[in-house]
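Line by line, the protein sequences give chains A and B. Under this note's numbering, think of the first position of the first sequence as 28, with each following residue one higher. Under this note's numbering, think of the first position of the second sequence as 76, with each following residue one higher.
It should be emphasised that the hints constitute simulated quantities derived from the structure, not laboratory data. Ideal Cβ positions, reconstructed from N, Cα and C, are used throughout, including at glycine. There's no promise every hint is true.
[What the hints assert, rightly or not] Calculated from the model, a selection of chain A residues having no Cβ within reach of chain B, i.e. all distances over 12 Å:
hint: 1; residue: E53
hint: 2; residue: H63
hint: 3; residue: D71
hint: 4; residue: L88
[To be verified] Footprint (simulated), chain B over chain A, 3 or more residues, beta carbon under 8 Å:
hint: 5; segment: 35-49
hint: 6; segment: 92-103
[Said to hold, decoys possible] If you want the footprint, here are the derived chain B segments under chain A, 3+ residues with CB under 8 Å:
hint: 7; segment: 113-127
hint: 8; segment: 206-220
Listed below are the residues making up each chain.
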Amino acid sequence: MRLRVQYTAQLRTIVGCDEEEVDLPEGSNLAELLLHVASETCRDAATYLLAPGGGLQPSLLVAVNNRAISTREARAVPINSGDVVMLLPPIAGG
Amino acid sequence: MAPLPELTDDDRSRYEWQLWVRGFGEEGQRRLKATSVFISRIGGVGGTVAMQLAAAGVGRLILAHAGDLRLDDLNRQMLMATGGIGKPRIESAVRRLRDLNPHVAVEATAENVDETNVERLAGCADVIVSAAPRFEERLHMNRQAVRRGVPMVDCAMYELECRLTTIIPGKTACLSCLSPERPPNWNREFPVFGAVASSVGSIAAIEVIKLAAGFGEPLSGRLLNFDLREMTFTTIDIARRADCDVCGLPSPTVAGYNAARRM
Numbered sequence: 028m029r030l031r032v033q034y035t036a037q038l039r040t041i042v043g044c045d046e047e048e049v050d051l052p053e054g055s056n057l058a059e060l061l062l063h064v065a066s067e068t069c070r071d072a073a074t075y076l077l078a079p080g081g082g083l084q085p086s087l088l089v090a091v092n093n094r095a096i097s098t099r100e101a102r103a104v105p106i107n108s109g110d111v112v113m114l115l116p117p118i119a120g121g
Numbered sequence: 076m077a078p079l080p081e082l083t084d085d086d087r088s089r090y091e092w093q094l095w096v097r098g099f100g101e102e103g104q105r106r107l108k109a110t111s112v113f114i115s116r117i118g119g120v121g122g123t124v125a126m127q128l129a130a131a132g133v134g135r136l137i138l139a140h141a142g143d144l145r146l147d148d149l150n151r152q153m154l155m156a157t158g159g160i161g162k163p164r165i166e167s168a169v170r171r172l173r174d175l176n177p178h179v180a181v182e183a184t185a186e187n188v189d190e191t192n193v194e195r196l197a198g199c200a201d202v203i204v205s206a207a208p209r210f211e212e213r214l215h216m217n218r219q220a221v222r223r224g225v226p227m228v229d230c231a232m233y234e235l236e237c238r239l240t241t242i243i244p245g246k247t248a249c250l251s252c253l254s255p256e257r258p259p260n261w262n263r264e265f266p267v268f269g270a271v272a273s274s275v276g277s278i279a280a281i282e283v284i285k286l287a288a289g290f291g292e293p294l295s296g297r298l299l300n301f302d303l304r305e306m307t308f309t310t311i312d313i314a315r316r317a318d319c320d321v322c323g324l325p326s327p328t329v330a331g332y333n334a335a336r337r338m
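Please construct the entire structure, taking both the sequences and the accompanying hints into account.
What follows is the structure, given as structure tokens:
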């Protein structure tokens, strides 16, 4: 199945594009998608997706079809063909 | 509950254009005049919030920001001026706000929020505005907002992107529900235009005005993410997390919040 991954903020700058299409096997979950993106992208971008000690980065916010999902529950979230997955690394004021 | 303050003739003249706003009117202006707002910090984002709230006639602004003004602050910190370089930011901010509207009570301290001072600084505010560049500060303010059951408007920016949500403790996701810990790779100096900071700061100010006056629909339970490079605006539904360390169910001692009833 094919879905769209959208990058925002620092991830968008590092990856160098707004969004990409990603192919994954049917029945994949959100955690598998994020791990796939982390494995395909550059090391700097992967630090926004992966925790230093392993697993997914808890501070990364993900939105699937405009519904926010914590990486802590990503394994329980199925994804489907045509989904739009937005990656939102935390940003702040200043 | 204390009676709402009356409007003076000067108030009616100064705020005439916003008194025409549907759903606001004299009642809304009086509610705004009765409202105290804590803002940390008063740089590009928080400074815009403070300036817009002062212009709109909020009752009291409580401001916190440590340090002296630097030349590289001036692309976005609209309360500051070139002559203030090397002097405390808070002094420039207070001077500018009092020039803008002498009827607003402005209290300011040259310190940043931490675990030891957050209750003293933000403890009597009706609304908290989180505009600091450091996540630790934002998370301290979030805990304070949840503990006291007062709303917090959280605003952020990066390059040409902005994010904003209005947290209503006990009802909506708190900041910790969204990002429970300090991101390991955050750099507190980042690319941004002053116009981007002012954009998100102005929206945050409108959120405060709506909360205080009890009209409109606040951005609660929703995260606005907008990109001024491509002019795209996305609203993301956000939900409380039952396992949140700060606001997780069962609800902590949150009194609930209803702006129209409280103020």
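Quick rundown of the hints versus the structure:
| no. | hint | verdict |
| --- | --- | --- |
| 1 | E53 | holds, 26 Å |
| 2 | H63 | holds, 20 Å |
| 3 | D71 | violated, 8 Å |
| 4 | L88 | violated, 5 Å |
| 5 | 35-49 | holds (count 6) |
| 6 | 92-103 | holds (count 5) |
| 7 | 113-127 | holds (count 5) |
| 8 | 206-220 | holds (count 6) |
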